[in-house]
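Construct the complete structure from the given sequences, taking the supplied hints into account.
In the order they appear, the protein sequences are chains S and X.
Start counting the first sequence at 1; every next residue gets the next number (the working numbering).
Start counting the second sequence at 1; every next residue gets the next number (the working numbering).
Some clues are possibly wrong.
Listed next, the in silico DSS-like pairs over lysine-lysine satisfying Cα-Cα at most 27 angstroms (straight line) [claimed, not checked]: (1) X/K147 x X/K161; (2) X/K170 x X/K137; (3) X/K161 x S/K11; (4) S/K11 x X/K10.
Think of the hints as simulated: they come from the structure by calculation, not from any bench.
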Amino acid sequence: MPVVSMTVNGKPASADVEARTLLVQFIREQLGLTGTHVGCDTSQCGACVVHVDGRAVKSCTMLAAQAEGAEVLTIEGLAKNGELHPVQAAFREHHGLQCGFCTPGMIMTAIDMIRRNPGLDEETVREELEGNICRCTGYHNIVKAILAASQEMR
Amino acid sequence: MYQFNYERPKTLADAEALLGKADDPKILAGGQTLIPTLKQRLAMPSDVIDIGGIKDLDFIRAEGDAIMIGAATRHATVAQSADVKKHNPALAALAGGIGDPAVRHMGTIGGSIANNDPAADYPAACLGLDAKIHTTKRLIEADEFFKGMFETALQDGEIIKEVTFPHPEKAAYMKFRNPASRYAMVGVFVSRGPWGVRVAVTGAGQNGVFRVNDMEEALSKNWSPEAVAGIKVPATGLNSDLHGSAEYRAHLVTVMAKRAVAAAG
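Quick look at the structure:
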């Protein structure tokens, strides 16, 4: 079994895992970071989105071994000194969550889209959310929260 | 997923050596198709050779009248490349319309064309732009590369290194997405360039991507949406499933070809 080593939320993480271990399994089961969710397990819903070397990816569709040596950021790594990340704060402020299951993936996707799109508008937000599904269908407030956060983070 | 041995070579030579040694290997590029396939136990390779760590395969170069794209270059990188946007905006738009942002951060051009999914986008760009596919063994013309559903001219142990796209004078890709999967029900790539006119269709054919000669001839004489408006492809040999009949897809080929010519200007 290969030893896989990466940095997760700024801390070194290493484990001896089967080659077929998915990144999301490594994060949830080896590291106990259960904020990253598995929704569909077929790379459609986006509940498992994390950042690998600064880019949003679906951690259910990546082997842990593919992240060897990478910097991984999960929802648990966002808040600093007890203060929510601006995107997390905006989701709370604008009621961007109902049941909350899709929220970690929505927030990780939102941070990635804000980074790549200066001057984000509503149409772009909706297009960029293509790969994230909210089964409560609470998209309006998710979009509002992302737009508010992108203003805040300018 | 079944068990497999995993290797992450640093060089193309190491990857070739590993492929030569393994019983029944699979190459892993971005994994956006292979990993779902493994999860469904639709494949049981003895070895998974991950070429994602080979830096030499991740590049975009504009040289002369063509753009060279390394096989392990991600869709997002192609979509955002200033060179691709300048010389071949249709190709940049096609890459930016594959899957969703997270999939585009992982999926690669080499993986897409080696897999040759009958609904994939890149095969339409390769065939529609007269691309050259460079492998560890030879150069393969796009016309010779795509052999059928999930089937290519690649031999065992052969790895795609780069794809060369000559600059078109005009080009556009229009796809009609399946509303659920977002894969192409029908996607049509049209171009005009030193190679003449090309019309390549993905999503529709049972044997994957194909060219429409009648449309190419009509557009050679008259480059306008009207030129293809009356040309229908036969429904024989097209996909028929719960999302749409072969006749419906045949109709969509004409509609998307018209839209593509209009978009190309």
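Against the structure, the hints:
1. X/K147 x X/K161: Within the cut-off at roughly 19 angstroms; holds.
2. X/K170 x X/K137: Given that 27 angstroms is the threshold and the Cα spacing comes to 32 angstroms, the pair is violated.
3. X/K161 x S/K11: Distance ~35 angstroms between X/K161 and S/K11 Cα, so the pair is violated.
4. S/K11 x X/K10: holds (25 angstroms)
The structure is inconsistent with the numbered hints 2, 3, although it conforms to all the rest.
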